[in-house]
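**Student:** Single-letter residue listing:
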Amino acid sequence: MLKFIIKRILMVIPVLIGVSIIVFCLLRVFAPDPAPIVLGEHATQASMQKWRDSQGLNKPVITQYVTYMEGVFKGDLGTSYYTQTKVTDEIMARFPATIELAIVAIIFASIVGIVLGVVAAVKKNSIFDAVSTLIALVGVSIPIFWLGILLMMIFCGPTTHIFPAGGRITPLMDPSHITGLFTVDALLTGNWASFNDAVRHLILPAFTLGMYSMAIITRITRSTMLDSLNQDYVRTARAKGIREVKVIMKHALRNSMIPVTTVIGLQFGALLGGALLTESVFSWPGIGKFTVDCIMKSDFPIVQGIVLLIAAIFVLVNLAADIAYAFLDPRIRYTSKKEE
Amino acid sequence: MHKRNVQLVVGLVIAFAMVFALTGCGGGTTSDNNAASTSLKDTITFAQGADPRGLDPAYVDDGESSKVIVNVYEGLLKYADDSTQVEPCLAESLPDVSADGLTYTFHLRKGVKFQDGTDFNAAAVKFNIERQLAPKKTDDMPYADFVWGTVKSVEATDDSTVVITLNQKNSAFEANCAMSLGAPMVSPTAAQKDNNNMNENPVGTGPYKFVSWKKGDSVTLVRNDDYWGTKAQTKNLIFKVIPDNAARVLALTNGDVDMIDGIDATAVDQIKGAGDVLQTTEGMNINYMAMNVESPIFKNADARMGVAQAINRDELVKNLYQGYATPASTILPVFVPGFGKDVQQTGYDEAAAKAALAKAGVKTVHMITYSNPRPYNPATGSKLATAIQGYLQKVGVSCKIDTYDWTTYKTKVTAGDYDLCFYGWTGDNGDPDNFLNLLATNDWSQNVSRWQDQTYIKGIADALAMPNGDTRNAAYATLEKQAAAANVWYPINHTQLLWASSPGLKGVVYHMTGNTFFANCTVAAK
Numbered sequence: 042m043l044k045f046i047i048k049r050i051l052m053v054i055p056v057l058i059g060v061s062i063i064v065f066c067l068l069r070v071f072a073p074d075p076a077p078i079v080l081g082e083h084a085t086q087a088s089m090q091k092w093r094d095s096q097g098l099n100k101p102v103i104t105q106y107v108t109y110m111e112g113v114f115k116g117d118l119g120t121s122y123y124t125q126t127k128v129t130d131e132i133m134a135r136f137p138a139t140i141e142l143a144i145v146a147i148i149f150a151s152i153v154g155i156v157l158g159v160v161a162a163v164k165k166n167s168i169f170d171a172v173s174t175l176i177a178l179v180g181v182s183i184p185i186f187w188l189g190i191l192l193m194m195i196f197c198g199p200t201t202h203i204f205p206a207g208g209r210i211t212p213l214m215d216p217s218h219i220t221g222l223f224t225v226d227a228l229l230t231g232n233w234a235s236f237n238d239a240v241r242h243l244i245l246p247a248f249t250l251g252m253y254s255m256a257i258i259t260r261i262t263r264s265t266m267l268d269s270l271n272q273d274y275v276r277t278a279r280a281k282g283i284r285e286v287k288v289i290m291k292h293a294l295r296n297s298m299i300p301v302t303t304v305i306g307l308q309f310g311a312l313l314g315g316a317l318l319t320e321s322v323f324s325w326p327g328i329g330k331f332t333v334d335c336i337m338k339s340d341f342p343i344v345q346g347i348v349l350l351i352a353a354i355f356v357l358v359n360l361a362a363d364i365a366y367a368f369l370d371p372r373i374r375y376t377s378k379k380e381e
Numbered sequence: 054m055h056k057r058n059v060q061l062v063v064g065l066v067i068a069f070a071m072v073f074a075l076t077g078c079g080g081g082t083t084s085d086n087n088a089a090s091t092s093l094k095d096t097i098t099f100a101q102g103a104d105p106r107g108l109d110p111a112y113v114d115d116g117e118s119s120k121v122i123v124n125v126y127e128g129l130l131k132y133a134d135d136s137t138q139v140e141p142c143l144a145e146s147l148p149d150v151s152a153d154g155l156t157y158t159f160h161l162r163k164g165v166k167f168q169d170g171t172d173f174n175a176a177a178v179k180f181n182i183e184r185q186l187a188p189k190k191t192d193d194m195p196y197a198d199f200v201w202g203t204v205k206s207v208e209a210t211d212d213s214t215v216v217i218t219l220n221q222k223n224s225a226f227e228a229n230c231a232m233s234l235g236a237p238m239v240s241p242t243a244a245q246k247d248n249n250n251m252n253e254n255p256v257g258t259g260p261y262k263f264v265s266w267k268k269g270d271s272v273t274l275v276r277n278d279d280y281w282g283t284k285a286q287t288k289n290l291i292f293k294v295i296p297d298n299a300a301r302v303l304a305l306t307n308g309d310v311d312m313i314d315g316i317d318a319t320a321v322d323q324i325k326g327a328g329d330v331l332q333t334t335e336g337m338n339i340n341y342m343a344m345n346v347e348s349p350i351f352k353n354a355d356a357r358m359g360v361a362q363a364i365n366r367d368e369l370v371k372n373l374y375q376g377y378a379t380p381a382s383t384i385l386p387v388f389v390p391g392f393g394k395d396v397q398q399t400g401y402d403e404a405a406a407k408a409a410l411a412k413a414g415v416k417t418v419h420m421i422t423y424s425n426p427r428p429y430n431p432a433t434g435s436k437l438a439t440a441i442q443g444y445l446q447k448v449g450v451s452c453k454i455d456t457y458d459w460t461t462y463k464t465k466v467t468a469g470d471y472d473l474c475f476y477g478w479t480g481d482n483g484d485p486d487n488f489l490n491l492l493a494t495n496d497w498s499q500n501v502s503r504w505q506d507q508t509y510i511k512g513i514a515d516a517l518a519m520p521n522g523d524t525r526n527a528a529y530a531t532l533e534k535q536a537a538a539a540n541v542w543y544p545i546n547h548t549q550l551l552w553a554s555s556p557g558l559k560g561v562v563y564h565m566t567g568n569t570f571f572a573n574c575t576v577a578a579k
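Residue numbers (the numbering used here), protein chains in the order written: chain C, 42 to 381; chain B, 54 to 579.
In isolation and in its complexed conformation, chain C is listed as follows (with noise of 0.2 Å):
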């Protein structure tokens, strides 16, 4: 098992490498020139040509990797072109925001999906099927931008003013900071009133953010638990007398968490690589717009940054799932015994 996961960690790196280079190579291709965006409406001809010789825009491309990836491999992911702020400071001031967001839109599309999942596949073909099929269909189409305005023409109108209309948290009632994470720093200096507010900006973004995981998760829990619930084990142990919520939960459930397990893993590397759409609507101060602004700004050292860390956490994520498969199903740990 160890070496498995030593295995997996190791992979990290060509993969990041290639991300690196195809990041790199597209923004150097297709991006336009950052030099008007950077130096204003004022700039000139001569002063645009001497500010891409001073970061080094005009050498080969290779030269230009080269160069970038002797500063990642000394931690250093370069400046800002825009706001002349660290590549890693300017990130690590907007990741926890995406990472809180992520974490709560998770848990909701994981327990309301897999709940939702569960009791159509046990109740197949009743109300309660149709009901829980409807709710997936409509996560899945439903647009998450349109979705997240009507949540706030409804919750966060005048006159039905119960959610804040956007934001992490209301100005001047942050709680200190520790982990970045608000809820989380709230609890742990015992800030009631910042962890409350915290919590009622969450809710809305979280809730538009997990439908569309909260959909898929439903739809593959339904589908594996019918089929577990068709297998020869399920019927022996209904034969032997085991009463049926533990069927369903001990052998059925158990047995269909390994596919829902990865695409809970896939939908949390997703949504960890922030998610535009809400938090535009929801003024969330994660690391999605920011990445699509400095796309569109040019800001090449922001966007291959971000690129990176989102690739880097996509791949964690994924070994994170594929460790938890040992943990659902025997099966892998006696093989990965037997390997060993």
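Read the hints as simulated data drawn from the structure, not as lab findings. Treat the hints with care, as some may be off.
Derived lysine-lysine pairs resembling DSS-like cross-links, with alpha carbons at most 27 Å apart [what the hints assert, rightly or not]:
id : chain 1 : residue 1 : chain 2 : residue 2
1  : C       : K127      : C       : K100
2  : B       : K288      : B       : K267
3  : B       : K511      : B       : K205
4  : B       : K436      : B       : K453
5  : C       : K91       : B       : K190
6  : B       : K246      : C       : K127
7  : B       : K179      : B       : K163
8  : B       : K352      : B       : K534
9  : B       : K412      : B       : K394
10 : B       : K190      : C       : K127
11 : C       : K100      : B       : K190
12 : B       : K465      : B       : K94
13 : B       : K189      : C       : K100
14 : B       : K163      : B       : K284
15 : B       : K288      : B       : K222
16 : B       : K465      : B       : K416
17 : B       : K453      : B       : K412
18 : C       : K127      : B       : K267
19 : B       : K246      : C       : K115
20 : C       : K91       : B       : K465
21 : B       : K394      : B       : K416
22 : C       : K100      : B       : K465
23 : C       : K127      : B       : K189
24 : C       : K91       : B       : K189
25 : B       : K534      : B       : K222
26 : B       : K205      : C       : K91
Given the coordinates of chain C, work out where chain B should sit on it, guided by the hints.
**Tutor:** Same frame as chain C, now just chain B:
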């Protein structure tokens, strides 16, 4: 089984109703608290559409940064609240200008301190100007050359007197000293501590001082209790970032924020309907269509005139901007000195346009535009191009439109492969040269019609050297007439700046430069 299902459904409905009721109670409590309070709030929250680029006036060029900067920093001079007339600020009077127009002597206000306790004096002014001059200037200081580019030397003759010598006459220099970008004074101590870049830790002399900047979320300022002038009326000032226009309007109408800008004309009814106050400020901008005089079609002056005759400016502006823009009679907005009230653009005449374009053999034109809204064109470049396409079709000219995102568009405009393009300008300093010089430069990223008329170029240089006053203004009016006769730009409109506030907000200055001054602002609880 059926009965159990019904019980389950009922249970779920009750659980949902309880959760909804509990959260609803939470929201209601907040509203009640607001309603109970009749006193002034101790926090003003202003929502804008984007995060500032930075908070060092030497390193930024965007409006979002500028709005924060003018509340933290001050310059030697400032603009009047309702015009671009220059007034003293950190200088106690307007500068003494030598007879040859090359030496400006500033007498500084005494007893002023930066927010970190550093004295504001002549040495600080010298430091601020020299950090934006060679050899200290860096390439990424967007306004260094514009504001201080004509400065030859800066001398601190005593603690409160600064003598600035220019290397050429520049009548816009005083106006430059009042700008919010490049010109505000930063604390030399803080700048040296932060490696000469105060984007993250601004320290000025202004009525508010910096507390924190949560990237992508908000900038928080607090009243500077040691301010040299009248202290700010409200303790806290928050610039909240709400990128989505609809969400920003909602945040105002539900009371989450006290003031917003960057408003779509389509949201006006929603704002008014919620009891909030819609405000407009005349914009210091021009939205125009440029005809490329290097293109085979528009090197012909008759073809340019034909296009200008084909467009009904008043109708176009009314339909596109729904009453929140003024049709442009000339390049300069009406309040900028030098505005020529008798300048005549080529008038709308469909029949004459058809004849002129047919005679010039114009059947197809290549038009490039941008896909996004701009401050001078909130309707987006694509909609404007489509509208112009409609007018040209009526006179027998078809248009091939290529649309790009703004960054790509700027590259395409500089490359010059088009007959017609759309552009605009937001003024920096309220000086006529800032607008009219665009047609004199040979930098094609700015002079997008590529017109190079030697008489005009000389006229611009001469006018810049004239002392401010009627003679200079008349010179610019003449230049406007010359540009109008050449039909190289088709001036479309000056866009108004739309902003809105809660009814309890008083005393804010939303300046025509787009800056927001909150020192005298108060907000009553809604």
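**Student:** Does the structure break any of the earlier hints, and which numbers would those be?
**Tutor:** 9, 12, 15, 21
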